[in-house]
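Guided by the hints, dock chain Y onto chain H, whose structure is given.
Sequence order for the protein chains is H and Y.
Going by my numbering, the first residue of the first sequence is number 13, and it counts up by one from there.
Going by my numbering, the first residue of the second sequence is number 13, and it counts up by one from there.
Keep in mind that the hints were calculated from the coordinates and are not lab data.
Check each hint, because a few of them may be wrong.
Just so you know, same-sequence chains aren't split out, so a pair can sit in one copy or run between any two.
As the list claims (entries may be wrong) - 25 Å max Cα-Cα, derived SDA-like pairs, lysine to any residue:
| no. | residue 1 | residue 2 |
| --- | --- | --- |
| 1 | Lys174 | Glu47 |
| 2 | Lys146 | Met52 |
| 3 | Lys193 | Ala50 |
| 4 | Lys146 | Asp92 |
| 5 | Lys117 | Met217 |
Bear in mind the structure is a predicted one, so any value in this text is a computation, not a measurement.
There are 2 protein chains.
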Amino acid sequence: MADHISDAVVRRLPGYYRHLRELEQEGINQVSSQELGARMGQTPSLVRQDLNSVGGFGRQGYGYDVTRLKEGIGHVLGLDHTHTMIIIVAGSIGSAVARYPGFLKEGFITIGMFDTSPERVGSTVGDMAIRDMKELDRFVADNTVDIAVLAVPASAAREIAKQVVDLGIMAIWNFAPVDLKVADTPVKIVNAHLSDSLQVLSFLMTSGEIE
Amino acid sequence: MADHISDAVVRRLPGYYRHLRELEQEGINQVSSQELGARMGQTPSLVRQDLNSVGGFGRQGYGYDVTRLKEGIGHVLGLDHTHTMIIIVAGSIGSAVARYPGFLKEGFITIGMFDTSPERVGSTVGDMAIRDMKELDRFVADNTVDIAVLAVPASAAREIAKQVVDLGIMAIWNFAPVDLKVADTPVKIVNAHLSDSLQVLSFLMTSGEIE
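Same shape as in the complex, but just chain H:
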């Protein structure tokens, strides 16, 4: 059933997961679609529809068990197992990803960091050594790497994406300001464009409300 979830629902699931984690931290065990919708700024009927599409979890008149629902969504999102990541390169965004404690808490473990700059290679970000890009092939051969985080300039993104796909890495989290696509492969790519959300804020400031 998780194979047939719409793009819009998938994009809302991390929000449900975050709010359910907060409810759990607040010691709340049960939540209704009304309450969850109010927290998320969505209608109760959209909440019920979204949660039905990932497997239900609710009981008519009783609402949702917070922990069970959180774990159910975590399972659909693949957060009930760990993922290993490498980060290319160790610039400002790559370093922020390496240092951000939230990813590790959700099971995303950075196991390597790579750069081409002689000033960076050999130094560290937190506890993580910055390796030479020349060692990438060997590292990927010796370690299970689930995700390559690309934090490279736009001009280098397509070439490095091709390189990591050729090495057999099956998922790319791309911060370069280009939309990466790798045609005719089962490689999964998500583009994380920081500018996009800043531009949405700028829109709201300039052109008013979103309908």
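Coordinates of chain Y only, in the frame set by chain H:
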């Protein structure tokens, strides 16, 4: 007309802007809805519909003038004027935002950076001095601050959001992993949750395709 653009269209506009900038850099002057749709992974009819809702820009049979369309979307997004930003605090994400050259290119100018940590206050990120949070009130009184970038832990986010709103800042770009809302004010808030897009990637790796 920009007042009546749906949330989904607004979220796609930065993508159009990015692709049009790329086309411009490639020296391409005219683009059809077919070509633009192919680049963005969308149908030509959705492209025409989206662009109509922000004001047209196309001519039947001629397609779109790349520069004119880019500038038109830039205008709707408010990218034809500059915005000043302050960043709170100077941790990994705050520092990445301060260092990232793309924001400045799009007219988002960081004019101040604040922290509470005695180790950080007085040092710099790039050329930017890190000021004491105690100076925030005075700084906001003395300078025009359009946007507060919150890169604080979840536990501090709501309190600091209230503080910047009380100081009269009208827009918040929030990186803390909570959904900030400020009720009953015209303050604009966009939540940028890095984990969300990583979780979408994890979903794709775990549960397969999005429909």
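Now for the hints, and whether the structure bears them out:
no. : hint            : verdict
1   : Lys174 / Glu47  : between (45 Å within a copy, 23 Å between copies)
2   : Lys146 / Met52  : neither (46 Å within a copy, 33 Å between copies)
3   : Lys193 / Ala50  : between (36 Å within a copy, 11 Å between copies)
4   : Lys146 / Asp92  : neither (33 Å within a copy, 42 Å between copies)
5   : Lys117 / Met217 : between (34 Å within a copy, 19 Å between copies)
Comparing the model with each numbered hint stated earlier shows that hints 2 and 4 do not hold.
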